[in-house]
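There are 2 protein chains.
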Amino acid sequence: MDIAYPIRPEAAAAPESGIVTLMEYGRGREGLIPLWVGEGDLATPAFITEAATRSLAAGETFYTHQRGLPDLREAISAYMARHYGRGGPIERYTVTIGGMHAIQLAIRLVAGPGDAVIVPSPAWPNGPAAIGVVGAQAVEAPLCLSESGWQLDLARLAEAVTPHTRALLVNTPANPTGWTASLDDLRAMRDLARKHDLWIIADEIYGRFLHDASLGIDARAPSFHDIAEDDEKILYVQTLSKNWAMTGWRIGWIEAPAALAQTIENLVQYSTSGVPVFVQRAAIAALNQGEGFVAHQIERARRGRRIVHDALARIPGLEAPPPAGAFYAYVRAPGRDGEALARALVDEANVGLAPGGAFGAAGADCLRLCFARNPAHLETAMARLVPVLEKALAGPV
Amino acid sequence: MDIAYPIRPEAAAAPESGIVTLMEYGRGREGLIPLWVGEGDLATPAFITEAATRSLAAGETFYTHQRGLPDLREAISAYMARHYGRGGPIERYTVTIGGMHAIQLAIRLVAGPGDAVIVPSPAWPNGPAAIGVVGAQAVEAPLCLSESGWQLDLARLAEAVTPHTRALLVNTPANPTGWTASLDDLRAMRDLARKHDLWIIADEIYGRFLHDASLGIDARAPSFHDIAEDDEKILYVQTLSKNWAMTGWRIGWIEAPAALAQTIENLVQYSTSGVPVFVQRAAIAALNQGEGFVAHQIERARRGRRIVHDALARIPGLEAPPPAGAFYAYVRAPGRDGEALARALVDEANVGLAPGGAFGAAGADCLRLCFARNPAHLETAMARLVPVLEKALAGPV
Numbered sequence: 001m002d003i004a005y006p007i008r009p010e011a012a013a014a015p016e017s018g019i020v021t022l023m024e025y026g027r028g029r030e031g032l033i034p035l036w037v038g039e040g041d042l043a044t045p046a047f048i049t050e051a052a053t054r055s056l057a058a059g060e061t062f063y064t065h066q067r068g069l070p071d072l073r074e075a076i077s078a079y080m081a082r083h084y085g086r087g088g089p090i091e092r093y094t095v096t097i098g099g100m101h102a103i104q105l106a107i108r109l110v111a112g113p114g115d116a117v118i119v120p121s122p123a124w125p126n127g128p129a130a131i132g133v134v135g136a137q138a139v140e141a142p143l144c145l146s147e148s149g150w151q152l153d154l155a156r157l158a159e160a161v162t163p164h165t166r167a168l169l170v171n172t173p174a175n176p177t178g179w180t181a182s183l184d185d186l187r188a189m190r191d192l193a194r195k196h197d198l199w200i201i202a203d204e205i206y207g208r209f210l211h212d213a214s215l216g217i218d219a220r221a222p223s224f225h226d227i228a229e230d231d232e233k234i235l236y237v238q239t240l241s242k243n244w245a246m247t248g249w250r251i252g253w254i255e256a257p258a259a260l261a262q263t264i265e266n267l268v269q270y271s272t273s274g275v276p277v278f279v280q281r282a283a284i285a286a287l288n289q290g291e292g293f294v295a296h297q298i299e300r301a302r303r304g305r306r307i308v309h310d311a312l313a314r315i316p317g318l319e320a321p322p323p324a325g326a327f328y329a330y331v332r333a334p335g336r337d338g339e340a341l342a343r344a345l346v347d348e349a350n351v352g353l354a355p356g357g358a359f360g361a362a363g364a365d366c367l368r369l370c371f372a373r374n375p376a377h378l379e380t381a382m383a384r385l386v387p388v389l390e391k392a393l394a395g396p397v
Numbered sequence: 001m002d003i004a005y006p007i008r009p010e011a012a013a014a015p016e017s018g019i020v021t022l023m024e025y026g027r028g029r030e031g032l033i034p035l036w037v038g039e040g041d042l043a044t045p046a047f048i049t050e051a052a053t054r055s056l057a058a059g060e061t062f063y064t065h066q067r068g069l070p071d072l073r074e075a076i077s078a079y080m081a082r083h084y085g086r087g088g089p090i091e092r093y094t095v096t097i098g099g100m101h102a103i104q105l106a107i108r109l110v111a112g113p114g115d116a117v118i119v120p121s122p123a124w125p126n127g128p129a130a131i132g133v134v135g136a137q138a139v140e141a142p143l144c145l146s147e148s149g150w151q152l153d154l155a156r157l158a159e160a161v162t163p164h165t166r167a168l169l170v171n172t173p174a175n176p177t178g179w180t181a182s183l184d185d186l187r188a189m190r191d192l193a194r195k196h197d198l199w200i201i202a203d204e205i206y207g208r209f210l211h212d213a214s215l216g217i218d219a220r221a222p223s224f225h226d227i228a229e230d231d232e233k234i235l236y237v238q239t240l241s242k243n244w245a246m247t248g249w250r251i252g253w254i255e256a257p258a259a260l261a262q263t264i265e266n267l268v269q270y271s272t273s274g275v276p277v278f279v280q281r282a283a284i285a286a287l288n289q290g291e292g293f294v295a296h297q298i299e300r301a302r303r304g305r306r307i308v309h310d311a312l313a314r315i316p317g318l319e320a321p322p323p324a325g326a327f328y329a330y331v332r333a334p335g336r337d338g339e340a341l342a343r344a345l346v347d348e349a350n351v352g353l354a355p356g357g358a359f360g361a362a363g364a365d366c367l368r369l370c371f372a373r374n375p376a377h378l379e380t381a382m383a384r385l386v387p388v389l390e391k392a393l394a395g396p397v
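Those protein sequences? They're chains D and A, same order as listed. Okay, so the first sequence: first residue is 1 according to my numbering, each after it adds one. Okay, so the second sequence: first residue is 1 according to my numbering, each after it adds one.
Calculated directly from the structure, the hints in this document are not laboratory data. Incorrect hints may have been included.
[Claimed, not checked] Beta-carbon label-pair distances, calculated as ranges: (1) A:Tyr63 to D:Gly335: 29 to 37 Å; (2) D:Asn288 to A:Ile217: 46 to 54 Å; (3) A:Phe47 to D:Arg303: 50 to 58 Å.
Virtual Cβ for every residue (Gly too), placed ideally from N, Cα, C.
Just need the whole structure built from these sequences, with the hints factored in.
This is the structure we're talking about:
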């Protein structure tokens, strides 16, 4: 730390994103195909943006409800009822500045200095980082990679529990691994949480992107909603980002027992003070009229998965089972340095992947590729990428 | 706390806004004139909203720079150079989800459990509340009310410093009191901070709204920028909300020594993950083309101040010196219960004021009124409000 600027250790320790580091490395390369970030390449559809435009034209530019517009919270509840079989009262829902803010609020509710939160790993790095920012400890519980894909290791998860543990942060379907909890996995985690009086923070934002039909419930991934009791100690975080191509809008929600609604409203008040009304109008349009677009996105991700994994399967030495859910290939090159591979792919293939170590130490020999993209671009990317990876993996470890 | 839902004490202790409580009391009253919230009644002007609309139409709906668009940070630096005489490199500026998020980041940088932050009081409650949310203690240092208005009590401020103190959170011109630090006040606070190695968190969001010309520097309020050295330990928080009628947009910035830029970027990444590009485009339009509108807003607030204080001066027993800056009347009815008065004003005058106690214990016998509003509505409000307050203050204490 710069002694001229003494700051809190929790703030100083917040890590730089390992994804962004590689993006900086590749910035400005002409023709580079960017598959490193967790977003598709479709702009938000017009029926959504136009809802925001109309709201702006109508002068909806003032402060609004800290919990979110009642109309949006009704739309969220109705969406959850349609897809998850239960919506519940709008007191369960608070609108947030994206899924990240929902995670920050969830963590702020349940963890602080001296506390630990367990995260199945590899994991999206922002969860563990946000746990660190409140002064708590993120404890990684490794997933395991088998020929059929990434799997929960329940024993490792249970071993990670200590008297300091306050919560499990569970992302299913998972970024980056595509691991998708079965109903049995969910029950086992729920039972573990009950046994130790832990919260579950459930990040199911990729729930609609399910590729392994054997797991599916109405074509979506299993959810804690399928097995939880009403008002169980679960905080669900959600976002409009992925389903409706709204990454840049920064809108999501947190779902919690209604008894916590006022506390969550207070935490919104003292962090972001609400979400713009015109952004909320766009979210209402997305939730109420967006099913056709979501279906298109899911179909496109399936096609991308096929293109990418058909190509990756040709590379000897690469462990690349197709993921059960989400929209990433997360592949392992045993004994290799994922970051060096990612740099080589920028330099030699002009394709941008995220280094697997950005998602935890367990992924240091991995790479992540987002396949929610234009199929033609994916074909080109794979044609360039495969020979470079083949060459790299043919050399000595 | 609900034992079914054990949550962190810092989260559970986050207070409900005393302003919102009264708004709930008055919700749905037909014809009520709302002067309780800190925002004007003008919608964002079209040249600003149209910049957002164009951006949306152009498909700017993706993730963006965590620090904010370089174009916006250039516009901020140029604005600061024009109005405060120094802009500096864009590495000093990070775009945030409104001024509140900037305050949250500033507090997260400098305070945590075991730390204290001193706040001249009465104060906008969100600052002290955000200090509490990180587990630190907000220590109120009372301002004093004289016939010439609210004044800094430097001795009380100095007395409040302990070995736990990490920062002063200074809002000038102040919400709610209108207190506006002179250059001498600023130097004294800066010297106190230097002596004890404290940070200053400078909230100067009302700096353009100066009514006491004797204090003015180029028609704005004195700023720590006028007396600070380059890269002094000061974190400035700012917002587009007030000058450009953009309260509902949730965009502002934090200005900090460039050495902290990466840490601040990381804290943005793990709290909100950036600000929508289309909102940033609107902010660029505001900063670059908004001076005419700002001048109109300032003139309107001056007119509102005159209407309100001419009326308040007629009420015997009310201590109501016109404020030096900002756009609030914050008046004291010695010995009275500000919240009871505010409820009476809803019931009997159909006018909404904020109870003074919402801004700290020192304001329990006060009321706050926002006068950045339509002059005709203010005339009507005062005609209704004066007799009710006169009657209330004529009764026994």
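Q) So which hints don't hold here, by number, going up? A) 3
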